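Next come the chains, spelled out residue by residue.
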Amino acid sequence: MTSPLLSLQGLTKAYPGVVANSNVSFDIATGQVHALLGENGAGKSTLVKMIYGLVQPDNGVMLLNGQPYAPAEPRAARADGIAMVFQHFSLFDALNVAENIALGMERPPAMRDLAARIREVSETYGLPLDPYRTVGDLSAGERQRVEIIRCLLQDPKLLIMDEPTSVLTPQEVDILFETLRKLKSEGTAILYISHKLEEIRALCDHATVLRLGENVGECIPAETSARDMAELMVGSTLQPPERAERDLGEVALDISGLSVPAPGEFGTSLNNLHMTVRQGEVLGIGGVAGNGQDELLGVLSGEILTLPEAVRLNGQAVGNLGPTARRRLGLLTAPEERLGHAAAPDMTLTENAMLTGSVRRRLESRGFLRWRDARGFAEKIIQDFDVRTPGPENAARSLSGGNLQKFVIGREVLQDPQVLVVNQPTWGVDASAAAAIRQAILDLAAHGAAVVCISQDLDELMEISDRFAALNEGRLSTPRDTAGLTIDEIGLMMGGAHGMEVAHV
Amino acid sequence: MDLSSINPVLLVASLMVAATPILLAAIGELVVEKAGVLNLGVEGMMITGAICGFAIAVETGSPWLGFAGAAIGGAALSLLFVLLTQVALANQVASGLALTLFGLGLSALLGQGYVGIKPPPTPRLDIPFLSDLPGLGPVLFGHDLILYLGIALVAAVWAMLKYSRAGLILRAVGESHDAAHALGYKVVRIRIMAILFGGACAGLGGAYISLVRVPQWTEGMTAGVGWIALALVVFASWKPWRVLLGAYLFGGITVLQLNLQAAGVAIPVEYLAMSPYLITILVLVILSKDKSNAPASLGKIFHASH
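From first to last, the protein sequence lines are chains Y and P.
The opening position of the first sequence corresponds to residue 1 in the numbering used here, with each subsequent residue numbered one higher.
The opening position of the second sequence corresponds to residue 1 in the numbering used here, with each subsequent residue numbered one higher.
Treat the hints with care, since some could be wrong.
Some chain P residues well away from chain Y (every beta-carbon gap over 12 Å; in silico) [said to hold, decoys possible]:
hint: 1; residue: Leu10
hint: 2; residue: Trp64
hint: 3; residue: Leu80
hint: 4; residue: Gly105
hint: 5; residue: Asp144
hint: 6; residue: Leu196
hint: 7; residue: Gln216
hint: 8; residue: Leu258
hint: 9; residue: Val265
hint: 10; residue: Val285
hint: 11; residue: Gly299
Covered stretches of chain Y (chain P as the covering partner; in silico rule of three or more C-beta atoms under 8 Å from a C-beta of chain P) [claimed, not checked]:
hint: 12; stretch: 71–84
hint: 13; stretch: 98–107
Honestly, the hints are just simulated from the structure, not real lab data.
All figures in this text were calculated on a predicted structure; none of them were measured in a lab.
The C-beta atom is built at its ideal place from N, Cα and C for all residues, glycine as well.
Excised from the complex, chain Y in its bound form:
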């Protein structure tokens, strides 16, 4: 192999109280798709931020084409041909596509020329985009195209992609991979961050695995099994969730003819939804974000009120009841957004336990709060669900994403729900925590609760749900048994690829 494009040597970065990267070294060759693997908190993000100039390393050097490379800011990194597609999109909702792209360029041409170039590049790579649309109106897949095209317009030598497929349908993933392979054939190196192992096996030439900030191994993904890579990431053997045999009981949740107008400017309306969930059953609802998931959760939790008969719980019409009344009846929900929706960021875990648990755990009497019991409840959640925190008096904000998610799910599970609705239960959660959460959901169903799991992670839905339905533009497909469902059928249920086409190679 010739000399590498980018060589990292002994990079170290410490934040107060935590070493994010410790002595990390690896090389990326020209035209190589290099995977960076690791659990949440393994230091992947910090590492790429150093390459992109957002963070300066404490120690170690980077060499770009053999020359010392130390970008002081992203601008310098871009000037050296390094581009990055962010995990949480760095887009401006109120601006249009062309303006967003201009903001990511050093010397953007006049708007009209830029719009023409956007059209040209987007069609060459099979990612059609209208430069004058407002970004706030775009789907997640389209937003990602904006980011990718912003990078492509700068002719990058190295493209960094941070979890690019987490918001795409399977068909959109295929098209993205075609685009990436085309880039690779043109000599662009790609640093691909993900914890979806099958994708990495399909796409990447080489993988570096990080654990707790250290480089714990490298492998050729095509020649390594997903299981081996996962164990390298986690550092221990993984237990897949076990599904106990169970008999389905009565219909616990019944939604019929549910229609709700879009609640906000960027919301989705729900059209004529029908579904039933029986006791002991897990219904998985897939679909790309922004197709009505948040609205469906709102309808089920009682944040969005409907006609009473549209939502029935054990035969009782509850569509017009608010969240507290529904909790009393046994319908509990855990929303997607951990900080600010599922939990109040600046309140302690005890206070957060009180917020949803007060009704079913009898944490209040005659208007007075029973803090000792609430603390006990929080401690029970922390213990039963292995939440890593010094204690229940810590603010929710101080927990890592995975730990807070375990707390949020545990809080609902321990309230003995009859129907539990979860949205994205393992989003941004590392493999071992995700396995624990899935196991808890399955155990709950085994005890006779009905569970609705809304998720964009299809592997997860296939693993835990008995039946699968897809939300697409506010419509729900007919639920089908998961056994025997192929990924192509699921993709079609999800609405296929939204106007994408394969790159014209």
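Here the structure of chain Y is known, so what remains is to put chain P in place on it, guided by the hints.
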């Protein structure tokens, strides 16, 4: 009641004068808010500008130096807001209110020796022939330069926000400071410049009251104009031309109701006095029905935690 005593030409000419302080303060605040900062200290910066401008104009005998001093004074006070909110990361609402209270007190202190003095007159534009045109002359060509500067600023801000790269970056910072930071833009530096611009504009607006509109100094003479400017920015949906419209509407009804009072219209004075506020807000609320597009990061504290 004698409505014929109201001269429409004089009315339009004087409404432009009445509107200019609000216009100047509001266009400055619009830029500040577009950058994602909510500075509630407009009133304080205006009154500080009013006394700085007045004092310097009296001491030097030049109204132009007075206006320059007013802009510097307003910007200097806004520097305090910068320290509080951009450096110490204090809450913007509380800091802005503090700035207003501080500005009112500071201006009263500075202005102790200036009560009852007349400032040097600000010369008006006098273009031979054009300024003497009947009707159009006094309305279009008979004002002082600062009034034209106000209108020019509206046009300049509009063009900058819409067409220039600097304007695009400013809007980006106001929309999502985290995304702007991730792209490598200097969020704090851009916001500081916007706040200073807003302070200078508010100072100019204040000096326009003490040097042109009222020509004298009294304590607390801005009398809530800064708050009107703040409200105007919101009701104008952060659009420069609507700020101009709102300011002229407010100025116009203020002048008109004074004329009506003088003409002895049989409406209680209190109703007439509240009419500018009611009508301006009503009109702008109806106009802004399309979409409320507040900058998404407005009032949020930015901390580069990377």
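Evaluated hints:
| no. | hint | result |
| --- | --- | --- |
| 1 | Leu10 | holds, 43 Å |
| 2 | Trp64 | holds, 38 Å |
| 3 | Leu80 | holds, 28 Å |
| 4 | Gly105 | holds, 34 Å |
| 5 | Asp144 | holds, 37 Å |
| 6 | Leu196 | holds, 23 Å |
| 7 | Gln216 | holds, 44 Å |
| 8 | Leu258 | holds, 40 Å |
| 9 | Val265 | holds, 44 Å |
| 10 | Val285 | holds, 18 Å |
| 11 | Gly299 | holds, 16 Å |
| 12 | 71–84 | holds (count 4) |
| 13 | 98–107 | holds (count 4) |
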